[in-house]
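Chemist: Sequence:
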Amino acid sequence: MENKRVMLAVVLSLAVLLGWNFLFPTPKNVQQPTQATTTEAPAEAKPGPVAAPIGTLSAFAPTPGRMVTVKTPLYTAVFNSLGGVLDSFALSEYRQTIAADSPLVNLVSDLSRQKAPLGLLINGQPTWQAAKWSLEGGDLNLAAGQSGALTFVGQLGDLRIERTLTFTASNYLFDEKLALINASDAPVSLKVATALAVEKLSEKSESYNVTKVAYYNDSGLHTVTDIKDLEQGVLAETGVKWASVESNYFIMAAVALETGYLAKAKFEDGVYRVAMEKDAVAVTAGSRLELPSAYYLGAKETAYLAKAPGNLAASVDYGWFDFIAKPLLILLDFLHGYVGNYGVAIILLTIIIKIVFWPLTHKSYKSMDQLRKLQPLMAQIREKHKDDRQKMNEEMMRLYKTYKVNPAGGCLPMVVQIPVFIGLYQALLNAIELRHAPFIAHVPFTDIVWLADLSVKDPFYVTPIVMGATMFLQQKMTPAPGDPTQAKIMLALPIVFTFMFLNFPSGLVVYWLVNNVLSIAQQWRLMSKSSKA
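In our numbering, the protein residues as written are 720 to 1252.
Do not take every clue at face value.
Quick list of simulated restraints, FRET-style, between CB atoms [what the hints assert, rightly or not]: (1) Glu-1009 - Ala-780: 21 to 29 angstroms; (2) Lys-947 - Tyr-1180: 26 to 34 angstroms; (3) Ile-1071 - Val-1168: 52 to 60 angstroms; (4) Ala-1240 - Asp-1041: 53 to 61 angstroms.
In silico DMTMM-like links for lysine to aspartate or glutamate, alpha-carbon gap of 20 angstroms or less [unchecked claim]: (5) Lys-1026 - Asp-1036; (6) Lys-834 - Glu-925; (7) Lys-1103 - Asp-988; (8) Lys-923 - Asp-937; (9) Lys-896 - Asp-1036; (10) Lys-919 - Asp-998; (11) Lys-923 - Asp-988; (12) Lys-947 - Glu-925; (13) Lys-896 - Asp-820; (14) Lys-923 - Asp-904; (15) Lys-947 - Asp-988; (16) Lys-985 - Glu-1020; (17) Lys-1120 - Asp-1036.
No lab work stands behind these hints: they were computed from the structure.
Because the structure is a prediction, the values reported are computed rather than measured.
Don't be surprised by glycine CBs; every beta carbon is placed ideally from N, CA and C.
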């Protein structure tokens, strides 16, 4: 009885953990401007800036607005010379669908463009509208190892604004040196903010992959997914290092390279807006003050995020078992390097995990097999003492002691494995490597698209249904609980899991299916040996 209760608790706990993720899916050092073929070490966040005398300020000559393009191997960005507002940011290595002619993923949509992504606000004024602007530099086409810069120069009353954006070909990260020049005879105190705007980074149908707001401060990573909260507005005031709009696979982040920033976020008119803001920026009369910052717009690839300042790599969050998920994902990538197919790599990884836990699983199945042999005696005890539960439990414990059977022996080894299962689950759920990665691209001997994208559900639900069948077979091979209610719950679990997995990414379903098949094989082998003995 105790064994069944422990087993039931384990399985239900696993179901709750997976179900929660399904229903409620759940934050650097920056490169300084460089020459075309050199790269310097990233910079850490520093204390606030100090104003310096400006000397003679050159005359300002505004120019008509135009578009300027920055092209690198990773993206093509288009900026409006009126304030440096983003007009487009297309990722060269990612398409919207698996179709070869599908448009590239563009982080700036028609709707979000109206909210002026990367726009600079001073004292609440949108400088792209309130100031006059000119552009220093032109289109950039950066090859590997190269860097380049654009400077957007604006005039807002007696305040000169210089936004110098420096790009490198080797990363989604680019930095900004914002210079504020006070040409008046009086000091000014400014509120300076740069805002990002994103319509969405995931589809509404992807319940396991939601667009969310995140920020990272001295207390760690914080995420906000509830639209009602975002409609009211979110404010983070202490020690903010970065703020972003992100999904499992893509991110737009603003990173502070100095202390004293706060983050604001809001969802309005169908657009997520995030701003990094610095209040009370003092610029004395006739002086120049510089505010450095950085931006990361692109894919959540750990190799690139690891080079970003402010611990932006924390945006890839695998939950409670992050320390397990990360090495498993590294191993998955290693296996993919040899087999060239992430579906096959998932199968190999599942086999490796199964081999590692073979002794524990063997012990678990052996204990369950011993209990299976005691089922007739246990049934007799339950029948004999059905009206006296205390006596029934005493007799059960005496039976376990007589035959040297640990009623929890079948469950405890499985409990040890649950963190690994959940860790791998989270890794596969958030791995951008699986996005548009094929396993079996077409139904064999046909042109019908099947498992052509491991990051989305099986279009024909074959794998989740087969997975549910393997769970049911496992249930039939496991000794049934004596309590009829528990037996019904255990029997219903394969149905619950099947429906839960119908819309899960097929990569996750493949992992769970292969794990079930291996477990059945191991359990059948042990039972076969036991029967012969």
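Chemist: Against this structure, judge whether each hint is valid.
Modeler: Outcome of the hint check:
1. Glu-1009 and Ala-780 have their C-beta atoms about 23 angstroms apart, which keeps the hinted 21 to 29 angstroms range intact.
2. Against the hinted window of 26 to 34 angstroms, the Cβ-Cβ separation of Lys-947 and Tyr-1180 comes to about 33 angstroms, which satisfies the hint.
3. Checked against the hint of 52 to 60 angstroms, the pair Ile-1071 and Val-1168 fails, with Cβ atoms roughly 30 angstroms apart.
4. Between Ala-1240 and Asp-1041 the beta carbons are some 31 angstroms apart, a value that contradicts the proposed interval 53 to 61 angstroms.
5. Only pairs whose Cα atoms come within 20 angstroms are accepted, and Lys-1026 paired with Asp-1036 is accepted, the gap being roughly 17 angstroms.
6. For the proposed pair Lys-834 and Glu-925, the alpha carbon gap of about 25 angstroms is over 20 angstroms, so the pair is violated.
7. Proposed proximity of Lys-1103 and Asp-988 is contradicted: the alpha carbons are some 69 angstroms apart, above 20 angstroms.
8. As the CA atoms of Lys-923 and Asp-937 are separated by approximately 32 angstroms, the hinted pair breaks the 20 angstroms bound.
9. The straight-line distance between the Cα atoms of Lys-896 and Asp-1036 is roughly 30 angstroms, outside the 20 angstroms bound, and the hint therefore fails.
10. Proposed proximity of Lys-919 and Asp-998 is contradicted: the alpha carbons are some 29 angstroms apart, above 20 angstroms.
11. Our distance criterion of 20 angstroms between C-alpha atoms is met by Lys-923 and Asp-988, whose separation comes to about 16 angstroms.
12. For the suggested pair Lys-947 and Glu-925, the alpha carbons sit about 19 angstroms apart, so the restraint of at most 20 angstroms is met.
13. In summary, the hint linking Lys-896 to Asp-820 is not supported, as the alpha carbons are separated by about 38 angstroms, beyond the 20 angstroms threshold.
14. Taking the CA atoms of Lys-923 and Asp-904, the gap is about 54 angstroms. The hint is violated against a cut of 20 angstroms.
15. The straight-line distance between the Cα atoms of Lys-947 and Asp-988 is roughly 13 angstroms, inside the 20 angstroms bound, and the hint therefore holds.
16. Taking the CA atoms of Lys-985 and Glu-1020, the gap is about 26 angstroms. The hint is violated against a cut of 20 angstroms.
17. For the hint linking Lys-1120 to Asp-1036, the alpha-carbon distance of about 46 angstroms lies beyond 20 angstroms, and the restraint is violated.
In this structure, the earlier hints numbered 3, 4, 6, 7, 8, 9, 10, 13, 14, 16, 17 are contradicted, and the remaining ones agree with it.
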